[in-house]
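Whenever a hint applies, use it, and build me the whole structure from the sequences.
Chain order of the listed sequences is L and H. Here the first sequence is numbered in the working numbering, starting from -4 and rising by one per residue. Here the second sequence is numbered in the working numbering, starting from -4 and rising by one per residue.
Simulated from the structure, these hints should not be mistaken for laboratory data. There may be inaccurate statements among the hints.
For lysine to aspartate or glutamate, the following EDC-like pairs were computed, each having C-alpha atoms within a straight-line distance of at most 20 angstroms [to be verified]:
#1 L:Lys378 / L:Asp395
#2 H:Lys108 / L:Glu151
#3 L:Lys93 / H:Glu78
#4 L:Lys82 / H:Glu78
#5 L:Lys108 / H:Glu110
Reference excerpt, derived from the structure (chain H facing chain L, CB under 10 angstroms, subset only) [said to hold, decoys possible]:
#6 Arg3
#7 Ile32
#8 Leu63
#9 Phe70
#10 Phe80
#11 Ala81
#12 Ala85
#13 Ser95
#14 Thr126
#15 Arg135
These figures come from a predicted structure and were not determined experimentally. Using N, Cα and C, we set each Cβ at its ideal position, and we do this for glycine too.
Number of protein chains: 2
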Amino acid sequence: MAKDFPTREENYAQWYNDLVIKADLAENSAVRGSMVIKPYGYAIWEKMQATLDKMFKDSGHVNAYFPLFIPKSFFSKEASHVEGFAKECAVVTHYRLKNSPDGKGVVVDEDAKLEEELIVRPTSETIIWDTYRNWIQSYRDLPILVNQWANVVRWEMRTRLFLRTAEFLWQEGHTAHATKEEAIEETLKILDIYAKFAEEWMAVPVLKGVKSPNERFAGAVDTYCIEALMQDGKALQAGTSHFLGQNFAKAFDVKFLSKENKLEYVWATSWGVSTRLMGALIMAHSDDNGLVLPPKLAPVQVVIVPIYRKLEQLEQISEVALKVKEKLEKLGISVKYDDRDTFKPGWKFSEYEFKGVPVRLAIGPRDLENNTVEVARRDTLEKEVLQLEDIDTKVKNLLDQIQKKLYYKAQSFRDDNTTAVDTWDEFRDVIENKGGFVLAHWDGTPETEEKIKEETKATIRTIPLDTKKESGKCIYTGKTSTQRVIFARAY
Amino acid sequence: MAKDFPTREENYAQWYNDLVIKADLAENSAVRGSMVIKPYGYAIWEKMQATLDKMFKDSGHVNAYFPLFIPKSFFSKEASHVEGFAKECAVVTHYRLKNSPDGKGVVVDEDAKLEEELIVRPTSETIIWDTYRNWIQSYRDLPILVNQWANVVRWEMRTRLFLRTAEFLWQEGHTAHATKEEAIEETLKILDIYAKFAEEWMAVPVLKGVKSPNERFAGAVDTYCIEALMQDGKALQAGTSHFLGQNFAKAFDVKFLSKENKLEYVWATSWGVSTRLMGALIMAHSDDNGLVLPPKLAPVQVVIVPIYRKLEQLEQISEVALKVKEKLEKLGISVKYDDRDTFKPGWKFSEYEFKGVPVRLAIGPRDLENNTVEVARRDTLEKEVLQLEDIDTKVKNLLDQIQKKLYYKAQSFRDDNTTAVDTWDEFRDVIENKGGFVLAHWDGTPETEEKIKEETKATIRTIPLDTKKESGKCIYTGKTSTQRVIFARAY
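Laid out in structure tokens, this is it:
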């Protein structure tokens, strides 16, 4: 199956878009900015969900579900929150259609106008904190460690499959705590979970840090984030964890009686990752031959293809192949045996290569004679012929190896594309010509960040948590600085 | 913990509503008709989801995700579909808010009016068949066996937690087939899955049948359903599976090239169950002491409560309790050990009883001496003291026994409340005074069904699949009939 699409070199944006569509991950829908997530793409998302959900539950969180709609007035209660989201809200104004007077189709029934408009949630802090007011009376009701898996809508003007869509799927955690310290601890605990997931499952190395005020979530005191680097040298924010202070508790009047019998406002966090992770996953590893998936998130980890001319050969091969399949499945490996006779082996090879199946086994008549199997790995495209003996542990080890290799490859790419600069000329040169993460001193003001953005399109992606203090001078203003921050152009 | 709420006898509707709220399953939200599903309720829904999802996948289905919004014009394409849903649609008309001119809060920005209004999906046939047009060219692309887990909105005027809410969660399957026979087979296969789930997991016996034209899904050729009986003698439709014929293929122009090289319209099915199942589950088994949950869907299957006065007793008891917990968990049983010292055993007993935990184990100092444990079952409220030896298998057997017992109890209730009648007077009497399922002859016309509904509020719940043909006379018109159908008042 020929998958005619541009190389990364030729046109990275087009390469990404074509890959998503041609690998059957997602496509644009009839609704502007909304995508259809196709079964193969959704199967990857389900694996992400299952893994994250377990991590959340293992750390004491439970799931719940809050309404899709939020009364308009709720948004105004937290000033910076409404400022951040008002411009991208889908608004429900009516609740009924009626037959068109001209007999053609339906029109909105003006008699069914809502007294107060409803907003399709862009995020759920407001409706959830309005609910928490009734759930929380005393310190005994705390902490509340709730997560929800949901769809949200943000009316984006320029959309790209997975990376930025009007509707997207995500999880949003909303926790309530008795103390500031506990809430901050929760924020960082989640940041660690996100980083662990990105690195160990997605094989994408990330920087953990805190956002500058310009990039902070609307309504947060501090926004922590994990930041990844894509192959075109642009940064991608892969997850955020917000310390909300008492902002939402104050906006929605949520108080609790402390152990000391004092009435206090509750402390909050919220945190989320979305189907945007799919974009990060696809862009981090894939190549000009198609998708490359880390084994831990691949819906099919191993595909077995029989090579035969006559039907009786297929029977013999199938016998061996199904035994291999069974052995692999016993080790928890997901295997597909593709014995369809409507497609030729060559077509199947390129199909599974394009779709990023990590390991392909091929068994032909000669393999039957020699008790061998041809093993091909997607990441390096290397092939070797192995003895069938212990094939299950050999394949399992290979999958582990591929998982690690993808991570190290991405890490070494990031290292090669992280540059420390000390002057404004150097900064502009690197941002313009090399790309990647740029470590530079910044005077700490939003105004400087804004000006740098205007001139170079680069923003502060994160103020890393684990960088050592180092005095220097702001690349733009020359004012003193105590730490380098990470600049980059970003998705 | 006192849970003051009416008995079923006193006020069934209030009993249900209070139970849902006080057992922490769900509550009403600030948005009219939309509920908040609380963590305990959501944990039950997650078990339902996981079970059904596996059943769908085991029968060859895959998940995908389609947009929340549907262009208004799509609805008009299938005539009876729009007729059925136009009156309960939430309509998005704008995509931006702005600051109110008076400086108080935000208002809809009239400059951000959509050219074509978007409908929040009440069901997804239209957007999905619009998508399938591009997925299907030849018979090789068929069948498509897709399911989606999603939220939908139907603007109901009278809502009740779980049973009828403006927004609800559900799964909707949408399949595409090359032949009518295959589509009908799929419709019935799903009906069987739904019935199996209801009976074996929910412990709720259901009747499988087909709906009369009045109760058919808007756009379907035939609607199959599973129908359950609640303790107040009212019926509840628990799931539907629709044979859609070629209606949506024709409305959205979805054709395929058959093996015989002819261009033909595609055959369709759709099917769904929703959070309404939560209502059925709660109403089918619970009693005046609170929730009763079948073990297979209980988030916590066994709770262990230590009985102690002094802290050193607790230590000794905990040692035994944690061993028991571990043994039970090895058998796949979910166990909670509640050693909180902020609540007394009596409070815990009534709390778990109210929340429907199937089995409670209590361990006190005397049990330590005698190597025993007190085992209480929620369904019958019976208690017995058992030797600790083999406690894991004993508890496992008990859970199996409770699961079966709940089913048989519900089945015998249904049998007792299914009445065959032959005259109009009998019919009215049973509907009015006894309730339950009423087996009666009907002349097969929508007009008669409508009149019976007007006079008695009873509708035809289902035309059972497995009833034998039997000639008789319609209870209302006296015209001839070939089969009894099931009438009832319904949720």
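Now the hints, each set against the structure:
1. L:Lys378 / L:Asp395: holds (17 angstroms)
2. H:Lys108 / L:Glu151: With a Cα-Cα distance of about 15 angstroms, the restraint between Lys108 (chain H) and Glu151 (chain L) holds, given a limit of 20 angstroms.
3. L:Lys93 / H:Glu78: Within the cut-off at roughly 9 angstroms; holds.
4. L:Lys82 / H:Glu78: Violated - the C-alpha atoms of Glu78 (chain H) and Lys82 (chain L) are around 34 angstroms apart, more than 20 angstroms.
5. L:Lys108 / H:Glu110: holds (18 angstroms)
6. Arg3: Because about 27 angstroms separates Arg3 (chain H) from the closest Cβ in chain L, which is outside the 10 angstroms limit, the hint is violated.
7. Ile32: Status holds, d = 4 angstroms.
8. Leu63: Holds - the Cβ of Leu63 (chain H) comes within 10 angstroms of chain L, reaching about 5 angstroms at its closest.
9. Phe70: At 6 angstroms from the nearest chain L Cβ, Phe70 (chain H) passes the 10 angstroms test, so the hint holds.
10. Phe80: With a closest approach of 8 angstroms, the Phe80 (chain H) hint holds.
11. Ala81: holds (4 angstroms)
12. Ala85: For Ala85 (chain H), the interface hint holds, since the closest Cβ of chain L sits about 5 angstroms away, which is under 10 angstroms.
13. Ser95: holds (8 angstroms)
14. Thr126: holds (6 angstroms)
15. Arg135: Holds: closest Cβ of chain L sits about 7 angstroms from Arg135 (chain H), inside 10 angstroms.
Against the hints set out earlier in the document, violations occur for numbers 4, 6.
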